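Taking the hints into account, I'd like the entire structure generated from these sequences.
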Amino acid sequence: MTLENIIKEKKGTIVDVRTHEEFMGGHVADSINIPLGEIQNRFEEIQNLKAPLVLCCASGNRSGQAQHYLSQKGIDCYNGGSWLDVNYYQSK
Numbered sequence: 001m002t003l004e005n006i007i008k009e010k011k012g013t014i015v016d017v018r019t020h021e022e023f024m025g026g027h028v029a030d031s032i033n034i035p036l037g038e039i040q041n042r043f044e045e046i047q048n049l050k051a052p053l054v055l056c057c058a059s060g061n062r063s064g065q066a067q068h069y070l071s072q073k074g075i076d077c078y079n080g081g082s083w084l085d086v087n088y089y090q091s092k
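Under full-length UniProt numbering, the first residue of the sequence shown is numbered 1, with each subsequent residue one higher.
Simulated from the structure, these hints should not be mistaken for lab results.
Predicted model, so just to flag it, every value in this text is computed and none were measured.
One should not assume that every hint holds.
[What the hints assert, rightly or not] Here are the simulated DMTMM-like pairs of lysine to aspartate or glutamate, each with C-alpha atoms no more than 20 Å apart in a straight line:
id	residue 1	residue 2
1	8	76
2	10	85
3	50	9
4	50	30
5	10	30
6	50	22
7	50	4
Encoded structure:
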């Protein structure tokens, strides 16, 4: 299944790893905000989310870091890149 299909068909959970302030300025509908700096502390919460996780941020850099960390911990996740791209896929 492609990343686009996962997003479009709501097969997983969209996690925005930007700061709370950035998230409040605009985000993907139904996404949840877990800032990159809080990923380790909120790992148990992340484990209970519907997988796969689609991680997004402003450019794809922070979501890439989160994807690397979480995949090493056994979490099924993808780097969705910019939240604007994820939003676009969801709206198609």
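Structure-based check of each hint:
1. 8 to 76: 17 Å, holds
2. 10 to 85: With a Cα-Cα distance of about 15 Å, the restraint between residue 10 and residue 85 holds, given a limit of 20 Å.
3. 50 to 9: 13 Å, holds
4. 50 to 30: 13 Å, holds
5. 10 to 30: 10 Å, holds
6. 50 to 22: Measuring from Cα to Cα gives roughly 24 Å; hence the hint is violated.
7. 50 to 4: Holds: residue 50 and residue 4 sit about 17 Å apart, inside 20 Å.
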